[in-house]
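I would like the entire structure built from these sequences, with the hints used as guidance.
There are 2 protein chains.
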Amino acid sequence: MQTYKVLFLPHNIEIALNEGESLIRAAMDAGVHINVSCGGEGVCGKCRVIIEQGEVEGGISEKLKQADVEKGYRQACQSFPKSDLVVRVPIESTLDASVLKRKSVPRNMADIKQIDFEELREKGLFVPPVEKRYLELSEPHAKDNIPDVTRVVNYLKQNYHESKLEVDLSVIRKVPDVLRKDSFKTTVTLARPVREGGKTRIVNIQPGDTSGRNYAIAMDIGTTTIYGSLLDLLTGKVLSWTADFNGQISYGEDVISRIMYAEKPDGLETLQQVVVKTANTIIKTIIQRAGIDPDEISTITLAGNTTMTQLLLKINPMYIRRSPYVPASTLYPPIKAANLGFDLGDHVTALIYPAVSSYVGGDIVAGVKGSGMYLNEELTLFMDIGTNAEIVVGNKDWLACAACSAGPAFEGGGITFGMRAAKGAIEDFSIDPLTYEPMNITIGNIRPQGICGSGLITIVATLFEQGVINNNGKFNRDLNTPRIREVEDVYEYVLAWKDETSIDRDIVLTEPDLNNLIRAKGAMYGGYMTLLSEVGLSIENIDRIILAGGFGSFVDLEKAMIIGLLPEMDPEKVTYVGNGSLMGAIMSALTNRVRKDVVQVTRRMTNFELSETASYMDNYVAALFLPHTDLNRFPKLKQRLEQRQVSEQ
Amino acid sequence: MQTYKVLFLPHNIEIALNEGESLIRAAMDAGVHINVSCGGEGVCGKCRVIIEQGEVEGGISEKLKQADVEKGYRQACQSFPKSDLVVRVPIESTLDASVLKRKSVPRNMADIKQIDFEELREKGLFVPPVEKRYLELSEPHAKDNIPDVTRVVNYLKQNYHESKLEVDLSVIRKVPDVLRKDSFKTTVTLARPVREGGKTRIVNIQPGDTSGRNYAIAMDIGTTTIYGSLLDLLTGKVLSWTADFNGQISYGEDVISRIMYAEKPDGLETLQQVVVKTANTIIKTIIQRAGIDPDEISTITLAGNTTMTQLLLKINPMYIRRSPYVPASTLYPPIKAANLGFDLGDHVTALIYPAVSSYVGGDIVAGVKGSGMYLNEELTLFMDIGTNAEIVVGNKDWLACAACSAGPAFEGGGITFGMRAAKGAIEDFSIDPLTYEPMNITIGNIRPQGICGSGLITIVATLFEQGVINNNGKFNRDLNTPRIREVEDVYEYVLAWKDETSIDRDIVLTEPDLNNLIRAKGAMYGGYMTLLSEVGLSIENIDRIILAGGFGSFVDLEKAMIIGLLPEMDPEKVTYVGNGSLMGAIMSALTNRVRKDVVQVTRRMTNFELSETASYMDNYVAALFLPHTDLNRFPKLKQRLEQRQVSEQ
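The listed protein sequences derive, respectively, from chains H and X.
So in the working numbering, the last one in the first sequence is 649, and the numbering has no gaps at all.
So in the working numbering, the last one in the second sequence is 649, and the numbering has no gaps at all.
It is worth saying that the hints were derived from the structure and are not from the lab.
Heads up, a few of these hints could be off.
[To be verified] Not everything, but these chain X residues come out facing chain H in the computed CB check (under 10 Å):
hint: 1; residue: P140
hint: 2; residue: I146
hint: 3; residue: V149
hint: 4; residue: E166
hint: 5; residue: V194
hint: 6; residue: G197
hint: 7; residue: K314
hint: 8; residue: I315
hint: 9; residue: P317
hint: 10; residue: Y319
hint: 11; residue: S329
hint: 12; residue: I335
hint: 13; residue: S358
Quick reminder that beta carbons are idealized off the backbone N, C-alpha and C, glycines included.
In structure tokens:
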């Protein structure tokens with residue numbers, strides 16, 4: 001991809017920008033504030049910049065006078081670089097050059113970790129869970145009329161040195177016809193045992209040589225979204241993937257409401273059928289996209305939280321939501337996928353990720369597996385942030401985990417204008433430190449509609465660092481701006497005026513919103529504080545952080561540290577694994593070496609019920625400040641706040 | 001049961017008779033000929049005897065004059081002893097006292113072997129395949145909220161020293177509700193692994209203490225009849241049993257016609273559903289008769305011939321009937337009974353008896369298991385006689401087996417008046433050596449309707465020994481009796497005149513009938529001759545014979561030796577195991593020790609395809625005489641035949 005250098009003046013900050021990205025994006029990433037109200041749609045006309053060198057495409061509209069255009073003015077949100085650029089942000093937009101001394105922190109997102117199949121191979125960690133073998137059998141005759149299955153088994157023993165073979169009934173049913181379709185040339189699929197000494201199962205048989213085609217499916221059954229990947233077991237490559245909303249959403253948004261629905265007559269059956277229906281849609285799509293024969297799929301690996309898993313397996317989840325929160329099981333036997341209703345061959349076994357407890361499910365175990373944290377010396381903090389946030393701390397020697405009742409703030413829930421990370425959600429934000437005018441960038445660069453979780457963190461962190469809100473989550477009543485106002489005894493900050501939005505209402509952030517966010521991040525911080533203190537460690541001992549879940553990919557790490565969601569550390573030490581659950585499922589689908597570890601890892605994960613852990617309440621209450629009661633835990637932020645106070649004096 | 005002594009004069013033969021059995025039965029068993037044409041219904045009036053001492057009930061009818069009744073005359077077939085008796089057979093019925101010198105051989109049937117559960121127990125061979133364990137679990141609370149399944153597993157480990165436990169999905173589904181039904185008091189059913197080192201599966205869980213109730217089903221899936229037994233796994237007792245015609249009969253009488261039906265569209269599915277329907281009827285009946293809760297049934301063991309097994313499992317059987325006669329498989333994995341359509345709980349595993357070849361099926365393996373012949377030093381000949389007769393020879397060191405195309409003669413097929421062993425079938429027979437008048441006894445003692453398999457053997461053996469037919473199976477053309485006649489170039493013997501039958505036709509035995517029987521018994525004799533010679537042994541080496549199958553229970557052993565179906569040996573050495581297949585299934589259902597041996601036994605059974613074994617044709621042709629080309633193989637018979645010739649000269 002073509003990238004261009006953009007130098008912002010008078011800030012004198014240079015940043016690289018990908019072709020196709022707008023100057024407003026470059027400014028935001030560079031930490032250069034430009035007033036923008038309309039999310040980047042080009043309608044507010046506030047984001048005027050001067051192109052001093054280089055060439056851009058677009059950026060000219062009726063919002064600019066012809067004379068200004070000739071001087072080099074462009075609308076930053078509509079300008080896309082065609083060469084390296086020198087861009088001046090005019091004084092009218094920043095009001096006072098002194099602001100340049102107060103650099104905002106550039107956006108800093110987690111590195112994305114991906115599976116390196118070649119590395120797995122090189123490390124000897126690639127142990128295919130299913131393999132195909134091509135057989136050229138001799139044809140039976142009067143002196144050699146052993147059973148068809150015996151002929152297959154004998155060949156495997158003699159030519160491939162297989163032993164301890166077990167044959168599925170579905171294969172026995174196929175054998176007679178398959179062998180005679182291509183003159184006793186045939187390909188069998190062998191499912192390897194996870195444990196050493198176990199039996200290898202013959203799970204499929206096909207006419208002719210199909211040994212070059214062997215596929216698997218990995219699936220993350222999320223409460224909201226189901227993700228499915230189709231994998232080539234010979235190369236480890238993801239051939240296709242897709243996602244779809246979990247059809248169960250119609251029966252309740254979160255796990256608790258799903259469980260309540262499952263308690264109704266036929267509720268459990270309905271939810272089971274609905275989730276499988278979504279899964280089947282996904283399976284159909286990824287098979288079509290990859291252009292493969294469904295019969296070549298040998299296995300499916302599924303990961304989901306404990307409730308999603310119990311619903312998928314039609315196990316009554318009612319005790320998950322009732323104290324003392326007991327799940328039915330945390331380990332599941334291999335199950336015929338077709339018996340669960342999956343549109344997959346009779347030979348396909350479904351492997352279900354084991355869970356730890358009612359609220360630390362298979363998705364988290366898969367994330368721990370996918371991230372590899374259980375293999376390393378380093379003390380790692382793993383966080384999957386969402387409505388039900390889960391945290392795991394530990395390393396190759398021990399693992400402690402807990403679920404946090406963080407509430408839905410990180411997904412936009414409980415926030416006046418909160419919304420999911422969809423088009424129109426403010427996802428990036430900056431503020432003019434003198435005028436308190438905002439720079440709102442929305443997903444899709446359209447007029448704002450609300451605030452998504454990562455946007456909320458950025459907004460609150462920015463407002464806090466700029467002194468617009470204090471460490472109690474209250475707006476500074478002394479600032480001279482119409483954007484801070486009191487409506488019916490509630491203070492709020494106006495992010496966008498109604499004529500700049502797509503909803504014809506002022507989009508605001510209120511003090512109750514701030515309170516909700518602080519409680520959510522306090523629950524997280526209190527959670528891992530508690531896990532660490534329970535094992536005699538503290539936050540300083542954490543070597544690295546792994547973020548998982550949709551939220552993790554967009555969150556600005558420095559901002560998350562400013563509000564005290566994450567402990568303060570070098571952003572380089574923070575990794576994002578994306579959908580950790582899917583990643584774990586993919587790895588388990590690819591190699592038995594990983595599957596072999598899973599049960600062991602699950603047993604090693606000590607679950608803490610935070611509500612039953614004495615120290616948790618203290619840790620939680622101490623975290624109900626920005627960033628925390630004890631600012632010394634955030635030394636860099638403390639230094640910046642002190643510098644700001646000096647510069648303002 | 002009350003028995004009485006009956007002394008027949010002038011023969012001077014005494015025999016014990018059970019109360020309720022007629023004098024004609026006593027005479028037949030004693031080898032005393034009395035003319036009877038009507039099968040024992042009392043209508044021919046020929047069987048007059050004089051009660052010289054003792055008291056009988058019945059025997060008086062309009063066939064007897066009052067004067068004769070006063071002299072002590074009674075109809076033997078209608079007379080039942082009430083005390084010890086002395087009975088004279090009047091000269092008018094035997095015509096000539098010289099016949100007394102020619103004793104016919106008394107009826108001699110095989111001893112019936114039955115399972116001795118206590119012996120199994122004492123020998124340590126009782127290893128229950130499924131066991132129940134009662135658990136009193138502690139209830140979960142905030143500090144102890146481990147998953148329900150983990151609570152169960154931990155208790156089993158701590159209190160019952162169980163290890164390597166695996167939990168079925170069906171159990172996981174039940175656990176949450178079951179535990180909470182009776183305050184965490186529960187009973188689990190454990191299915192033991194057949195192999196050492198295997199896993200114990202938790203297959204069922206029930207509220208409260210049900211450990212005193214644990215049942216199994218054993219079933220023989222016969223081509224004609226399905227037998228089912230309900231077993232108490234705690235005592236080894238058969239609580240109830242029943243049998244029913246295999247519903248597949250409507251789709252063909254024998255395995256070949258069933259296979260042909262299975263080749264039609266949906267034929268296989270239909271036959272599978274039909275056989276399971278019959279099985280379900282049987283299951284329902286035996287559950288009701290035993291008065292147990294179906295949920296307490298833990299396992300079902302099934303044995304059947306290879307075709308019946310493949311049809312039950314919905315495996316295409318078409319190659320079984322086509323050269324080179326290849327079955328799909330001979331070993332089958334454990335299968336959920338419910339998945340096959342059985343009306344049994346989700347927790348019930350079906351164990352299918354393994355087979356050896358297309359025509360030596362699981363029923364024979366079960367018979368070998370049930371008879372215990374694979375455990376003994378003695379060289380044993382095992383024969384399951386029916387349309388598809390199977391033979392096994394061997395001992396604890398080796399086993400050779402083969403299927404014989406004996407044809408249906410032993411089941412009454414291919415015989416002019418052949419019929420199944422049902423009411424009205426002539427099952428016992430004697431002949432007056434001077435007048436050649438018959439003594440026919442039918443099943444149910446009603447007018448004759450035809451001849452069943454065991455009756456046919458007795459008739460032919462008797463006619464042969466009395467010189468009515470020669471060793472070529474031809475009637476002696478020189479005898480002066482209207483009962484031997486030529487009709488349309490075919491010689492025949494009239495067993496019953498039309499007015500003495502229930503079918504208003506003469507019931508006859510023809511030379512083609514004799515030919516069919518000789519070929520059938522020749523196939524059997526040639527079969528075991530061949531197996532023995534292939535391993536370097538001969539018939540003299542056989543220590544004992546085990547007969548299985550419905551046929552075996554009624555056949556007169558001495559008669560079977562006279563026609564050369566069985567080798568000549570002490571009848572004491574012949575055992576009858578009844579339904580060997582059902583017996584093997586019962587034993588496997590009762591104890592894992594037997595199941596453990598099954599696969600090993602199957603592997604040890606060397607199958608011979610007689611049609612491909614060079615020596616078979618010679619052995620077969622040599623056996624196409626009565627009793628055999630080489631009379632020296634039957635020394636006792638030879639001696640009797642020689643004595644007869646002397647006495648006739």
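Cross-check of the supplied hints:
The criterion of a C-beta within 10 Å of any C-beta in chain H is met by X/P140, whose closest approach is roughly 5 Å, and the hint holds. For the restraint placing X/I146 at the interface with chain H, the shortest Cβ-Cβ distance is roughly 7 Å, inside the 10 Å limit, so the hint holds. Here the hint on X/V149 is kept, as its CB sits about 4 Å from the closest CB of chain H, short of 10 Å. Checking X/E166 against chain H: minimum C-beta separation of about 6 Å stays under 10 Å; hint holds.
A distance limit of 10 Å between C-beta atoms decides the matter here; for X/V194 the minimum to chain H is near 12 Å, and the interface restraint is violated. Residue-level restraint check for X/G197 holds (minimum Cβ-Cβ distance to chain H is 8 Å; threshold 10 Å). With 10 Å as the threshold, the beta carbon of X/K314 comes within range of chain H, its nearest partner Cβ sitting at about 6 Å, so the hint holds. The beta carbon of X/I315 comes within 5 Å of a beta carbon in chain H, closer than 10 Å, and the hint placing it at the interface holds.
Checking X/P317 against chain H: minimum C-beta separation of about 8 Å stays under 10 Å; hint holds. Of the supplied interface hints, the one on X/Y319 holds, with its beta-carbon coming within about 5 Å of a beta-carbon of chain H, less than 10 Å. Annotation: X/S329 was flagged as interfacial toward chain H, and the flag holds, the nearest CB pair being 4 Å apart, inside 10 Å. For X/I335, the shortest C-beta to C-beta distance to chain H is roughly 6 Å, which falls under 10 Å, so the interface hint holds.
The interface hint given for X/S358 is met, as the beta carbon of that residue sits about 8 Å from the closest beta carbon of chain H, less than 10 Å.
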